[in-house]
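**Q** Put chain B on the given structure of chain A with help from the hints.
Line by line, the protein sequences are chains A and B. Last residue of the first sequence: 1152 (our numbering), numbering continuous. Last residue of the second sequence: 581 (our numbering), numbering continuous.
Derived from the structure by calculation, the hints contain no laboratory data. There could be a bad hint or two in this list.
As the list claims (entries may be wrong) - To be clear about the criterion: a stretch of chain A counts as covered by chain B if any three or more of its residues have a C-beta under 8 Å from a C-beta of chain B, and this derived list gives those stretches:
#1 1064–1072
#2 1075–1089
#3 1107–1116
Claimed, not checked - Short derived list, chain B residues pointing at chain A, Cβ under 10 Å:
#4 Phe15
#5 Ile27
#6 Leu526
Said to hold, decoys possible - Residues from chain A that keep clear of chain B, each with C-beta distances beyond 12 Å, as calculated:
#7 Ser1034
#8 Val1038
#9 Thr1042
#10 Glu1053
#11 Leu1056
#12 Pro1119
#13 Asn1121
#14 Val1140
Yeah, the Cβ is synthetic: ideal placement off N, Cα and C, and Gly gets one too.
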Amino acid sequence: MNAEKVVFSFIVVLALTLNFGFFLGKMEDPLDHNIYVLFATIFINFFATGLKLGDRTQIGAVLLSTSLVANLQLIAAAAVWGYVEHISGTGLTPENTSVMVSLTGGALIANVISVVILVSETLMSRR
Amino acid sequence: MSATQLDRVSFIVLRNMRTPIIILVCVYAVCILGMVIIPGLPDANGNATRMSFFHAYYFLAYTATTTGFGELPGEFSNAQRMWAVVCLYISVVTWLYAVGKIISLVKNPHLQAAIDETRFARAVAKKIRNYYIVCGFGDTGSLLLRGLDDAGLSTVVLESNDERIKALDLRDYQIKVLGLCADATQPRFLLEAGIESEKCVGILILSNDEDANLKVAVSARILRPDLKIICRSTSEENESEILAVGGDIHVVDPFRVFASYLSMIIYNPTIQTINEWISGSPDSRLDHNICPLKGGKWILCGHGRMGRVVYKKLSEKQIDITVVEPRAKNIEGIVDHAVLGRANLENLEKAGLKDCVGLIAGTDNDTFNLSMIHQANRVNPALFSMVRQNQHTNEIVFKRAQVDYIMQPSLVIARMVLFMLTAPLLKSFFSYLRLVYENDPSRLADITNRLETEVGGEAPMLKTYSFTQKKAPAVYQKLFEQTEVKLGDICRDPAIQTDFLKMVPLVHRRGEVIKVLPPNDLVLMAEDEVLFCMRPSQEVYFEANISNIHILDYLLTGVEPPRGSFFRWLERKGIAN
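The following block holds chain B by itself, in its conformation from the complex:
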């Protein structure tokens, strides 16, 4: 915790308590002085007695706080009683005022904010694990956080909306996620989120505000020149400025990513099917493509920022596509492929609804998207409909609507960022798939078949393993002993050595050299990194394979050597005989 925060808390407390304290001091002084000066009952000689300062203070101490022990130490004179009445009223009122001030101070929003900030900064500084800073906890942020949590990665959240931070507190993450309601564009909050700490391994800037994102990216780079930065941006000018920040920086453009996913479903469904399967989308399997048709006429509703990119991508692939867009200035230049007007039944029919194969409802309004799909389905039930879901909260309605494929930009971005962090090697796998598709599309089917037979099912698990002493002690030891360990060997089933676990190595990395779909006879070396795709149930077995030397021995040789000294002796005897 920095000195400035403590300073702020104490400053707010002292500033607010100054007036009550001064008033209290004055009231006590006046009352005590009055009690001391005013003559009491006469003593034995007929002289008026005086209360001492100590007794006056004592009297006031119990009167002001409404305790009321009575007339102590002795009976009061009437003059003293009169003054006691005055003392009682003014001191009690002053105390009430002071207590009221204290209570209002506790509820003071500035003080609350300062205390929250102090607590947050302290908790971040105490973090043991490595963590990412997430700026912006909107739809994308919350989906991403769920994914990162499942992958066992720790995060710290900065979000300027108070309601969202409250929502964060209600989530049941396995790893406690620290959140602060703060504007991340102020570098002070980045410091409090621990950006300068060694344990901070990256910052994910996901808010909807373009300028704010740029500002955060620049401040983050200046504060930590070596930090990994992933930044969301939807405009090209901003993107180039963000990239100019330099270092380990990546920009994700939700519109472009979304458009490329969408167009991939249409012109290259196989890759998209693998993508969906690896992402673990519900109901996605490898044995059938998401979009079974190719070619034919498509209708795209909405030609805004995202629609434009979809249109460009699809027309590049020679797919016949007609746009329906209500704003004339959005369809300048493509007038012969567009229908001007809202996407109602009349305009959709003008665009050729009856004989088209598919409809993409891609406007930024969920109500429009749903209603147009609903109308179009009645006219052409065989239609393949794809819909863009903008708000995560509308999920229930979208699931019930008769839609063939739902795409959520926030989900797409969250997945993409998640894979960048948890499985960076996956990118090479997909570039390889695209390459295969362009050169030899039939091989793509082989890859799909291999994944289906060797892993299969729904929602596989992706995990990167590096063969270091810490992560894979058994393999490391074998390699140290100059024993040859092949990639296939470690994937064997520990129950039956000739079988394999349900897993496929996707990418192998040795230094700068990357090999996609490495063969099973690849000989491993220390410090290699391999991205595996496996059934989640196989993880335990695989981790035992690479960390337990006895299991690995068995996998390499197929025999289980005796472990106890008696049986070892017996074996030696047996060999000697």
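So here's chain A without its partners, still in its complex pose:
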């Protein structure tokens, strides 16, 4: 067992689970989507990106790109939230909430791909 692999897989899977936890629930209901979970998702996704940096393999490149996609989507979601709360002042209406949640849904897909690659690579290494 390799400590680096444990931490790496842990973070990558955690990024997916947190993302899923935030995404779960009715699309337009603000009560189903907790802002703290979004914060945790963003943090763990950034952390995962940091861990993926500097890997020279092809797999490493794909993992990094999925992470970047997830980050982009999550930042967009956070920006939507920040805009409606602080700038337009409308608060989380059902329309705004659905936009925010659908953006994190995209990030969810990217995280799923990332985990699938991680698992398949582990299976292929046969060790």
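**A** Just chain B now, kept in the frame of chain A:
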């Protein structure tokens, strides 16, 4: 630029930035979360307010970077202030750490090397001119580069010593010389130096390391089967292995070349005088030989790798020569022509210093060479002294020492390679001279006289011209019109048609047929190649002769036809009347 280099640069950057980025992310997350959770001042209803994520991020953004706008968006509670202090210290320290990492990354030698390599490869790929790759920028390399630059040839340098590459950057070449500090034995660097490019016309391998040279030659041949390779080698086994690589390959052995030059000065000074003159050595003229004496007894100090070849060459020509050599195993087999011991006054006198005509100081140590010449000159001032200069940096001392002739192996090699590249036909000229010397030595004097009267002076210029449409449009057009153009015609002086420019055609080549010292009435054909020896000032006139149809017309006929329509009409009238 290949993908692998870019990969390396980005890899080094990302690997080094990974830790700071992860730490920064964690610190931001902890601080933001703390600011959001910790209760703020109570609102109108007495409930504690909470900072939003956006405001927490905003606060941290200006605090962590030490900007410090104050308590925004509203006044903080004491609990928040306490956390703000914690945030400030840890985030500022983390930022300093990250910035320090970035700065150390910029100074990282691996990153520097990777960036230099990338830049070099990119610049080479952008080169417009044809170029040679030079491996090894030592004494020989730098002398050669100077010569190639003067001849307008472009070069790319690979050298494993960082100091030498820095020295290269300080030279003022007319054509920018690209250099990379790299070990040329790694084929990757040969690729980056553009060996596979069509514009790469040759590789010159000049380092002192025999094995490295062989390795570079082999990799170069495999990468480019048609490339011209010139390789330095001092051992015979290596030489045969290098030659076995095949294709257009030449080996230069500094010891052998040096020894043959040296022996030529003694037994055949005329050819060597012409050689020196053509090479443009300072103070070399054709009207007197470098070494005015022949025969008599000579002393050779040093019988190592080079001395051995000199001794062999000279004894073959029946020149009486005595060796002074400190190592007993170096003079096995020639004991009756040798004195064992260092070349001090005592041993030199034992070797017959008093009644000898010349002394060759040919050890590989400049200090020894200079001191023995100095001592010998005091005993026998009439001595003709020749000295081997090993280090180019010692030039000043050698010039001041009372020496009749200085020879630098690096200079000899550089010249030889230079002529191989800029005037390949010169080789036939010198083989012809040697042939003349063996059969009819008096004719050699005629050749020298002709060169002296028709070119003369010091430091002539050698230039090869091929009579193609591009290089000599006027000549090409005349030949196309079936007009007879003789070699002598194009050498005429455009000011006075009956005179000639200060130039001598040395070698003429038509296909495989080579003619040395072609006569002036030789009729030119398209695609002929001629090597001329001329005064540098005559080049402009000659190039006008072969490219300007009006000048060539005048040279061929001796009359200048009218060019304007009025005068042409007048001329026609005149003829009609």
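**Q** Next item in the hint list is B:Phe15. Is there a CB on chain A closer than 10 Å to its CB?
**A** 6 Å, holds
**Q** Say whether it holds or is violated: A:Asn1121 keeps its Cβ farther than 12 Å from all Cβ of chain B.
**A** 15 Å, holds
**Q** Measuring Cβ to Cβ, find out whether A:Glu1053 lies farther than 12 Å from everything in chain B.
**A** Non-interface label stands for A:Glu1053: nearest chain B Cβ at 21 Å, farther than 12 Å.
**Q** A cut-off of 12 Å on Cβ-Cβ distance, and A:Pro1119 was said to be off the interface with chain B. Does that hold?
**A** 20 Å, holds
**Q** Minimum C-beta separation from A:Val1140 to chain B exceeding 12 Å: can you confirm that?
**A** 20 Å, holds
**Q** Does B:Ile27 hold up as a contact with chain A if the rule is Cβ-Cβ below 10 Å?
**A** 9 Å, holds
**Q** Do three or more residues of the region 1064–1072 of chain A come closer than 8 Å to chain B, measuring C-beta to C-beta?
**A** holds (count 4)
**Q** Would you check chain B against the region 1075–1089 of chain A, counting CB to CB pairs closer than 8 Å, and say if three or more residues qualify?
**A** Since 5 is at least three, the answer is holds.
**Q** Given a cut of 10 Å on the nearest C-beta pair, is the interface hint for B:Leu526 held or broken against chain A?
**A** 65 Å, violated
**Q** Is it the case that A:Ser1034 keeps its Cβ farther than 12 Å from each residue Cβ in chain B?
**A** A:Ser1034 is indeed farther than 12 Å from all Cβ atoms of chain B, at 16 Å.
**Q** Find the nearest Cβ of chain B to the Cβ of A:Val1038 and say whether that gap is larger than 12 Å.
**A** 17 Å, holds
**Q** Please verify the coverage claim for the region 1107–1116 of chain A: does it have three or more residues whose C-beta sits within 8 Å of some C-beta in chain B?
**A** Held - the region 1107–1116 of chain A has 3 residues with a Cβ nearer than 8 Å to chain B, which meets the minimum of three.
In summary, the one numbered hint that this structure violates is 6.
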